[in-house]
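Engineer: Listed below, chain by chain, are the residues.
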Amino acid sequence: MKERKKIMRAHPGFIGVLVIMGVCSARMARAETIAPSAPFYRDFTMKVRKVANFKVPVPGSADFSFHYELDQSTPLLPTFADPLLSDLPSVPPEPQGYFRKFWDKVLLKDGSYVQLGDQKIPLTCIFISGQDNRFLGVPNPLFPEYLIKVYLVANDYTCTGPVNPGWPATGSKKETWDTYIYYEVRDPTIMLPTEVKLRYRWAEYTGVLVDNGGGAPL
Amino acid sequence: MKISNIIRIFVLSFLVSAGAMNAASAEPVWYPLPPEAYKFGQRYPDAQNLLFAFDYGHALVYERLLLRRGTIPNPEAFEKQLIQDVLKILKNPPHIKVEEQDIAPNYVFTFPLTVNLFDWSHMLHQFVLDILATSVDRGDGMKARVNEIFKQYKANTPVVITDQCKTMLFMDGHYFSKAFRSQYPSFNLLIWSYHWFQIKLYEALMKPAQQERDVAVNKVTQKFWDLLSNLPDSADFDMMPETAVEAPTFAAMFPRIPSAFDNNHMLHDITSDILTSDKVSRDQIRTEAVRVSRMDQDPAAFKSAKCPADKP
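In order, the protein sequence lines correspond to chains D and S.
By numbering that gives the first Met the number 0, the letter at position 49 of the first sequence is numbered 48, and the numbering carries on one by one without gaps.
By numbering that gives the first Met the number 0, the letter at position 154 of the second sequence is numbered 153, and the numbering carries on one by one without gaps.
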């Protein structure tokens, strides 16, 4: 006992370290018991709407319509055998807890496409960058449990992106994808696309969903 | 600049901003949210998610009627598809409040005043439910709190639907009236079932004991599904359900609120009629939407002589 007291006197930060370790392990234990494992998040990628119509509203002229059809294939191996996860502690004034970030890449079957005017451009993969907010402990229907950012990527059969992994040493642009459809899903039960954006050869346009029934092309 | 002047400017700017915070905003944003906001859903998640699904369903039907206007060769098939799509959402409802803008961007853009009125009124609907579901005091305290929220609602005059009783002619007395009901009778009954459910929740939450309220909310939810089980036969409504009739206990405690809700529900039906009737040309839609929305705000328009709340 005397020896123990001696150690504590000799290391004034000892108790602090113990407290921090305790908090961390409690938090990790909570994450292990409550948070789902990586395959859970793959479900969102596979539930991305297979067909959707959008338009870019244009004032004083006909709106520009576009649509896509896709079919999910296999994950991008080996990195995305399962979605990647990272837990980030929240910072005050946010509620105590943590955000879970997740990322996934799944290739698309040949025949998947985005129709832009008279061009039918192959869609090649889905990239998901998501956030699971359920571990923040703020049940509120105005604050989504999930925020799923969906990229439907065209013309890239390697699905390398959104950032050039070796940039700037590998040259060219910082970003890799010149054409994609982007949207955000805030509720995986309905997978409703919101905050739609079309990037076409680096130029970007804000779009809106067009649901005319049945998901058929307009 | 003297320090006293700096203090004076600081105090003045504080008062101006405080005044602005207290003033009602024309935008349908309720800020700050009442402390009870969305607590109903924590106790009754299934019922709350259904309410979110109703918002989705309303927006979806308006959007499709607008997008497919004049190009619906087979209304029966259109209705069948619509019901099928909405039932999917009702059976697997969203867990968050979905922005109408995301479901129905064309409708929102074409009916700005109507959407403002709906948004503001739906917040009143929601917060009344939240208070009724959570208030520990089931008497004067709860009554005062609901009335406080109602007062805040009414302070935002640019987007308030009147709480003056209107006759059913407000809904059915226009040159385009009943178009939706006659073309899409099953879907119309689905919408009336939504409204019935909302109203019945108020009545269920008036029960004095927590356990009774829980049982009553479950019963209302079950009955709602029964109403949808075999449309149109399963929902036997001859007319839009009225709050004072379906929720008499609620109406007795809050005599002005039922009319505010009914006037909202009537405007939903009117919007459906405008979008369905071929007597309203595409160019007239915006104008008609503003005209009827203004009527919904005007206590003198279609004023009913039989308003229980007006009795001395």
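Hints may contain errors.
Mimicking BS3-like on lysine-lysine, the simulated pairs with C-alpha atoms at most 25 Å apart in a straight line are [said to hold, decoys possible]:
no.	chain 1	residue 1	chain 2	residue 2
1	S	K206	S	K79
2	D	K148	D	K49
3	D	K46	D	K100
4	D	K46	S	K90
5	S	K79	D	K49
6	S	K90	D	K49
7	S	K177	D	K49
8	D	K46	S	K87
9	S	K90	S	K177
10	S	K87	D	K148
11	D	K119	D	K49
12	S	K305	S	K90
13	S	K90	S	K79
14	S	K38	S	K177
Simulated from the structure, these hints should not be mistaken for lab results.
Engineer: Confirm or reject each hint.
Structural biologist: So, going through the hints one by one against the coordinates:
In summary, the hint linking S:K206 to S:K79 is not supported, as the alpha carbons are separated by about 38 Å, beyond the 25 Å threshold. Annotation: proposed proximity of D:K148 to D:K49 holds, straight-line Cα distance about 16 Å (limit 25 Å). For a cut-off of 25 Å, the pair hint linking D:K46 to D:K100 stands: about 18 Å separates their Cα positions. For the suggested pair D:K46 and S:K90, the alpha carbons sit about 17 Å apart, so the restraint of at most 25 Å is met.
Restraint check for S:K79 and D:K49: the C-alpha separation of about 22 Å stays at or below 25 Å, so the hint holds. Between S:K90 and D:K49, the direct Cα distance comes to roughly 20 Å. Compliance with the 25 Å bound is thereby established for this hinted pair. For the suggested pair S:K177 and D:K49, the alpha carbons sit about 37 Å apart, so the restraint of at most 25 Å is broken. For the hint linking D:K46 to S:K87, the alpha-carbon distance of about 15 Å falls within 25 Å, and the restraint holds.
Distance restraint check for S:K90 and S:K177: the Cα-Cα separation of roughly 28 Å exceeds the 25 Å cut-off, and the hinted pair is therefore not satisfied. For a cut-off of 25 Å, the pair hint linking S:K87 to D:K148 stands: about 24 Å separates their Cα positions. With a CA separation close to 16 Å, the supplied pair D:K119 and D:K49 stays within the 25 Å bound. The straight-line distance between the Cα atoms of S:K305 and S:K90 is roughly 39 Å, outside the 25 Å bound, and the hint therefore fails.
Of the supplied pair hints, the one linking S:K90 and S:K79 holds, its CA atoms being roughly 16 Å apart against a limit of 25 Å. Of the supplied pair hints, the one linking S:K38 and S:K177 is violated, its CA atoms being roughly 37 Å apart against a limit of 25 Å.
The structure does not agree with the numbered hints 1, 7, 9, 12, 14 stated previously, though it agrees with the rest.
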